[in-house]
Amino acid sequence: MVDYGAKFMHELYTFINQQNHSAEAVGKVDEVKKRCAGLLSEALKQVESRLPASMGIFKGLSVFAPCKVLNQTERVPFKDFPLPHLRSEKEDTIEQHYRKIHHLPWAEESVFDGKIPTDSISFRSGVLQYKNSTGKRPFEELGTYAMVCLTTPTSNAVVERIFSTVTNVKTKSRNHLGSEMLDTIIRVHSHFQFQGKCCRDFKVTPHMMELFNSAKEEPGDEDELDVFAYVN
Numbered sequence: 001m002v003d004y005g006a007k008f009m010h011e012l013y014t015f016i017n018q019q020n021h022s023a024e025a026v027g028k029v030d031e032v033k034k035r036c037a038g039l040l041s042e043a044l045k046q047v048e049s050r051l052p053a054s055m056g057i058f059k060g061l062s063v064f065a066p067c068k069v070l071n072q073t074e075r076v077p078f079k080d081f082p083l084p085h086l087r088s089e090k091e092d093t094i095e096q097h098y099r100k101i102h103h104l105p106w107a108e109e110s111v112f113d114g115k116i117p118t119d120s121i122s123f124r125s126g127v128l129q130y131k132n133s134t135g136k137r138p139f140e141e142l143g144t145y146a147m148v149c150l151t152t153p154t155s156n157a158v159v160e161r162i163f164s165t166v167t168n169v170k171t172k173s174r175n176h177l178g179s180e181m182l183d184t185i186i187r188v189h190s191h192f193q194f195q196g197k198c199c200r201d202f203k204v205t206p207h208m209m210e211l212f213n214s215a216k217e218e219p220g221d222e223d224e225l226d227v228f229a230y231v232n
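By UniProt numbering, the letter at position 54 of the sequence shown is numbered 54, and the numbering carries on one by one without gaps.
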C-alpha cells in the first residue's frame, strides 16, 4: 500500500469524475500511480544506499534514552542493546542493573536535583555517580557501559572532530600537557559543544563545588567522579 498523499489522490479522483469514470481515464490514473510508486521505490533505494554503515548503531543508541529506560512499556530487551562486545565481560551484572534501574524514584535523587534529564548522556552521567545508603554505586557497570557506547566514535567525522579539538587544545605553548589533563579538557570542551554552552557564560553551581571539594578531600578514592558531573 503506497501513501501518495491526500492532495495527489484528490486530484486523481477529480480527474476521474470529470471524465465520467471512463475506462480510459481510470487506465491513465492507474498508469500514473504505477509510475509514481516506482519513483518512490527508487528514491527509497537511493537514500538507503547513501546511509552510513553505522546507521544501525545510531538507532541502537536510542535504547539509553531516559524515556525508554524508565518506561515499563517502552523498555528494549537487553539482548537488543548495541555494541555487545563492550559488555561481554560483565554482561550478567549489567543486565541485572538494567532490570532494577526503573524501580528507583530517580526524580527524588540528589544527582538530578529533582528533575530527570531528557538526554541520554546527562542521565547516564547521573546514574554513574549515584550512590546508595552504603556509599556504593549500584549501577556503576551499567552506567559505564552506556557512557562508553554513547561516546564511542561511530563515524570518520566524529574522529576527525576529536583530532581537530586536540590540535586546538594542545598548542605549542601547551605541548607538555599530560594525557590525563588533555583527556579532561577535551571531554569538557566536547560536552560544552554538545550542550550548546559557552565557557564565557558558564557559572559554577553549589553542587559542582560540592563534588569538587569531595574529590579534593578524597584523592585516593577509587571511584573517580565523572567529569560531566562538574559541567552539567
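Just so you know, the hints here were simulated from the structure itself, not pulled from any lab data.
Check each hint, because a few of them may be wrong.
For lysine-lysine, the following DSSO-like pairs were computed, each having C-alpha atoms within a straight-line distance of at most 30 Å [claimed, not checked]:
hint, residue 1, residue 2
1, K90, K136
2, K115, K203
3, K68, K115
4, K100, K79
5, K59, K90
6, K28, K45
7, K131, K115
8, K131, K172
9, K131, K197
10, K45, K131
11, K59, K45
12, K90, K100
13, K28, K7
14, K90, K68
15, K136, K115
16, K79, K131
17, K68, K79
18, K197, K115
19, K59, K100
20, K136, K100
21, K59, K197
22, K33, K45
23, K90, K28
24, K79, K59
25, K136, K170
Do the hints match the structure? See the list:
1. K90 to K136: This hinted pair holds, its Cα atoms lying about 17 Å apart.
2. K115 to K203: Judged against 30 Å, a Cα distance of about 19 Å means the pair holds.
3. K68 to K115: Satisfied, since the Cα-Cα distance of roughly 16 Å is no more than 30 Å.
4. K100 to K79: holds (16 Å)
5. K59 to K90: holds (23 Å)
6. K28 to K45: Holds - the C-alpha atoms of K45 and K28 are around 26 Å apart, at most 30 Å.
7. K131 to K115: holds (17 Å)
8. K131 to K172: violated (41 Å)
9. K131 to K197: holds (28 Å)
10. K45 to K131: violated (49 Å)
11. K59 to K45: holds (19 Å)
12. K90 to K100: It holds: about 16 Å lies between the C-alpha atoms, which stays within 30 Å.
13. K28 to K7: Holds, because 18 Å separates the two Cα atoms, which is no more than 30 Å.
14. K90 to K68: Distance ~22 Å between K90 and K68 Cα, so the pair holds.
15. K136 to K115: Cα-Cα ~22 Å, so holds.
16. K79 to K131: Holds. K79 to K131 sits at ~27 Å (cutoff 30 Å).
17. K68 to K79: Roughly 15 Å between the alpha carbons, so the hint for K68 and K79 holds.
18. K197 to K115: holds (20 Å)
19. K59 to K100: holds (24 Å)
20. K136 to K100: Roughly 15 Å separates the two Cα atoms, so the pair holds.
21. K59 to K197: holds (26 Å)
22. K33 to K45: With a Cα-Cα distance of about 18 Å, the restraint between K33 and K45 holds, given a limit of 30 Å.
23. K90 to K28: Outside the cut-off at roughly 63 Å; violated.
24. K79 to K59: holds (15 Å)
25. K136 to K170: violated (36 Å)
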